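Colleague: Model the full structure from these sequences, guided by the hints.
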Amino acid sequence: MKQSTISPRQTIGEVGMIRAIACMSVVLLHSIKFTTGESTEGAIQFGLWTLAGLLSFGTSTFVFISALVLAYSYPNHLPKQFYSKRIKFLLIPFACMAVFYAIMSGILNGWSIPKLVVFNLLGAYHGWFVLVIFQFYILHQLFNKYIDRFSAKWVLMISLVVNVGYLAFFNLVEPPSNNQYISYIWDRGYWMPFTGWVFYFALAYYCGKNYQTFMQYIVKYKVWIYAALPVSIALILYNNVYSSFGFGSKRMDMILFTVLLIFVLFLAFRHVKKMPPILSAISQYSFGIYLLHWFYLQMMDLAVESFHWSLGYLEIPLLFIGGIACSYLTINILNRMKIGKYIVGRVNVPKSATTLSNRKLATEIKS
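For the sequence shown, counting from 1, position 56 maps to 56 in my numbering; every step adds exactly one.
If you are wondering where the hints come from, they were derived from the structure by calculation, not from laboratory data. Just so you know, not all the hints are guaranteed correct.
What the hints assert, rightly or not - With a straight-line cut-off of 30 Å between C-alpha atoms, the simulated BS3-like cross-links for lysine-lysine are:
id: 1; residue 1: K33; residue 2: K145
id: 2; residue 1: K33; residue 2: K274
id: 3; residue 1: K250; residue 2: K85
id: 4; residue 1: K220; residue 2: K274
id: 5; residue 1: K220; residue 2: K153
id: 6; residue 1: K222; residue 2: K273
id: 7; residue 1: K341; residue 2: K85
id: 8; residue 1: K341; residue 2: K88
id: 9; residue 1: K88; residue 2: K153
id: 10; residue 1: K273; residue 2: K338
id: 11; residue 1: K250; residue 2: K274
id: 12; residue 1: K88; residue 2: K250
Stated by the list, open to error - What follows is a set of in silico ranges between Cβ atoms, one per label pair, in the way DEER data are often shown:
id: 13; residue 1: K274; residue 2: I185; range: 14 to 24 Å
id: 14; residue 1: S84; residue 2: W111; range: 27 to 37 Å
id: 15; residue 1: Y238; residue 2: G42; range: 14 to 24 Å
id: 16; residue 1: Q135; residue 2: P114; range: 17 to 27 Å
id: 17; residue 1: M337; residue 2: I138; range: 29 to 39 Å
Here the structure is a predicted model, which is why all the values come from computation and not from measurement. By construction, the Cβ of each residue, glycine as well, lies at the ideal position given by its N, Cα and C atoms.
Modeller: And the structure:
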């Protein structure tokens, strides 16, 4: 692929909109799970869990666009203080919220708080994706230094085989024993290693580093992309009925669906000149919303149970809207304090957002 000549310091407007969609998808899927519980009995429950499974594309998408922006912004090398800034504004908030959720779970369930802290820091709570993103930073340097000399097609094929094979092993093979540590690895420990996400990284790396070419390709093959998306959904629905993969993003059949949906979103937003204010706000606050929304969903769900409100499935939109709104307000308030951005992450306000419609790229991509 020929490297893009676009300035790496520009902001891709489409990414902001996709980030907002991914963030809302994660909050909605958790709202569904809090409302329905663990039961998949009945057509409605099964349908909602299937929807939640499809919405889990949000986590993979967030990981994908993080790698894409990294390759787009720093195509050759990472700048000085790159890691120090990410440690301050990503890893420290991840650790703070890991401790916070450990304390909360310990109090609510009577579990050992120190043990929960250790598990959460290893990725046992919903902020685990931060650990994946930090592995991507290292992969980015390795790709720049060593992998770039090889054909992108071969790198993508090998990474896809590794990714699918890794997920297939944990999707299809039963744990060899009931040992608590082995059970933990099979339950969620396998989520953290980069091998479960390496294809997303490799694809995002080449797409970000060659953004013009990437957009030209998906526009050229958009009919095939649109046609393949429902096929990928049908495959997931089939496996939901006839297999025991569970519902989530760590399934081998989710890779095709997620990649196709990401392409569709880039196609859908490529002509948008200005991001809607609500999507802009959610995009800017997305990291903090990811970290905080679980707390507010749990508190609202407990309130519904405590007051014996019979909301039925209306609880889903209540949790969804309340989770985003309360998280947004909390992040806004905490970021007014010097220490706030180290607890819930800082607000991501782009310096100069651009979209395809007002860049040279727009003239080169025909619909």
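Colleague: With reference to the structure, classify each hint as holding or not holding.
Modeller: Evaluation of the provided hints:
no. : hint                     : result
1   : K33 to K145              : violated (43 Å)
2   : K33 to K274              : violated (33 Å)
3   : K250 to K85              : holds (29 Å)
4   : K220 to K274             : holds (24 Å)
5   : K220 to K153             : holds (18 Å)
6   : K222 to K273             : holds (21 Å)
7   : K341 to K85              : holds (12 Å)
8   : K341 to K88              : holds (9 Å)
9   : K88 to K153              : violated (36 Å)
10  : K273 to K338             : violated (34 Å)
11  : K250 to K274             : violated (33 Å)
12  : K88 to K250              : holds (28 Å)
13  : K274 to I185: 14 to 24 Å : violated (46 Å)
14  : S84 to W111: 27 to 37 Å  : holds (34 Å)
15  : Y238 to G42: 14 to 24 Å  : holds (20 Å)
16  : Q135 to P114: 17 to 27 Å : holds (26 Å)
17  : M337 to I138: 29 to 39 Å : holds (32 Å)
Checked against the numbered hints given earlier, the structure breaks hints 1, 2, 9, 10, 11 and 13 and satisfies all the rest.
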